[in-house]
Amino acid sequence: MLLVLSAEHRAHLGCLPRAGGAAVGELGRLALEQLRRGAAPRACEAAARKLDIGVDTIQHGVEGLTYLLTESSKLMISEIDFQDSIHVLGFSDELNKSLLQLYLDNRKEIRSILGELAPRLPSYHNLEWRLDVQLASRSLRQQIKPAVTMKLYLNQNEDQTAQVLQTDPATLLHLIQQLEQALGEMKTNHCRRIVRNMK
Amino acid sequence: MRFRFCGDLDCPDWVLAEISTLAKISSVKLKLICAQVLRDLLGEPMEYEKILKLTSDAKLESGDVKATIAVLGFILSSAAKHNVDSESLSSELQQLGLPKEHASGLCRSYEEKQSSLQDSLRACSLRLSQLGLVRWRVDYTLSSSELQEVNEPLVHLTFNVQNRECGRTTAVSVTLSADKFRVLLAELKQAQTLMNTLL
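Protein chains in written order, with this note's numbering: chain A, 1 to 199; chain B, 1 to 199.
Note that these hints are calculated values from the structure, not bench results.
One should not assume that every hint holds.
[To be verified] In silico SDA-like cross-links for lysine to any residue, where the CA-CA straight-line distance does not exceed 25 Å:
#, chain 1, residue 1, chain 2, residue 2
1, B, Lys81, A, Thr149
2, A, Lys145, B, Thr193
3, A, Lys151, B, Ser120
4, A, Lys151, B, Val172
5, A, Lys187, B, Leu128
6, A, Lys151, B, Tyr140
7, A, Lys145, B, Arg182
8, B, Lys81, A, Arg138
9, A, Lys151, B, Lys189
10, B, Lys81, A, Gln142
11, B, Lys189, A, Arg138
12, A, Lys187, B, Lys189
13, A, Lys145, B, Asp13
14, A, Lys145, B, Leu126
15, B, Lys180, A, Gly90
16, B, Lys189, A, Tyr153
17, A, Lys145, B, Gln130
18, B, Lys81, A, Tyr153
19, A, Lys151, B, Thr21
[What the hints assert, rightly or not] Just a few of them, taken from the derived set where beta-carbon distance is under 7 Å, the chain A residues facing chain B:
#, residue
20, Arg107
21, Arg111
22, Asp132
23, Lys151
[What the hints assert, rightly or not] Pairwise CB distance ranges, derived in the manner of DEER restraints:
#, chain 1, residue 1, chain 2, residue 2, range
24, B, Leu126, A, Arg138, 34 to 42 Å
25, B, Pro153, A, Tyr124, 18 to 26 Å
26, B, Gly63, A, Tyr124, 36 to 44 Å
27, A, Val133, B, Val183, 48 to 56 Å
28, A, Arg138, B, Lys66, 35 to 43 Å
29, B, Lys53, A, Ser112, 54 to 62 Å
30, B, Glu101, A, Thr171, 30 to 38 Å
Beta carbons: idealized from backbone N, C-alpha and C, even for Gly.
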């Protein structure tokens, strides 16, 4: 699968051949830092002063490299496809090779960073429970009414929420039965076939 | 195999695996480590450096030290949770493969602190809210915009309700006339009599 680079992207990456080999290494490092930690304008300014190129050009180059790396890692394109995609830019062989090396070395890390960007539903954190028996109330004395009170702690993107639930034992048993049925679905032939094919 | 200290369930695999690590430490040092773990379970600060010094003879790695603390914490708190007496705990631990001196040392530390452990576990059981302070004030209304001579007593009550996780206290204020207050007091006294019959 080939990457299609837009004209603007190509213009941004166009600064790379002018910068030279060492600069490409520096820009590659800046691009990876941007992926790991976010944009760092001061680092770009320092690199601009060191390499004697305009700050804007450096910024565009870093962004262009970042986009190239994320798109390639996202689609998990092979070496040959990567080489063909950047061939279009008309860079020297040496530059192409260093870009390819940059891609291959960091592909796994970029994919793990991209994996964390997917939206997440609230997930289970903790469940505290308590079994009570109601013996009397203002309206009625001499009762026996068991109840299970639960506090469900959920985690969503580092936010913790707590939900208080209360049920009687019969509903709790029904709930447990439904959940065990859901777990039991994993053992049916249909699910087993799919799991086998996924591995 | 069902164990009482696991709540009549199977012993978890990780506990079984760590019993052999516990056997590597001498029984005297194990008793001292138990004392530290009990301090942590009771809410006092645990002295990790002391534990490191005690385990240095057995040449345990840092992962093994943490596993030892975890398994001791599990055994002690689980035994307190299911109200297991120390002889049964000792025999069950020996069934799992812990040597006799280690088991008896552990159970002696457990027996000393069993009731305080159970008290502290009872205190951190699920509780939705807790009444902190009740403040009251009795006023006498002389007159109002509706009626020139009112001449009625009035009670202001403020309940400080504590929420244990956030540590926040909300103040709930109520104002009652004399009759309503008498009804409230009578009902609460009836509830108190009921509670006293259960104590």
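Can you list which hints this structure breaks, lowest number first?
5, 6, 7, 8, 9, 10, 12, 13, 15, 16, 19, 20, 21, 22, 24, 25, 26, 27, 28, 29 and 30
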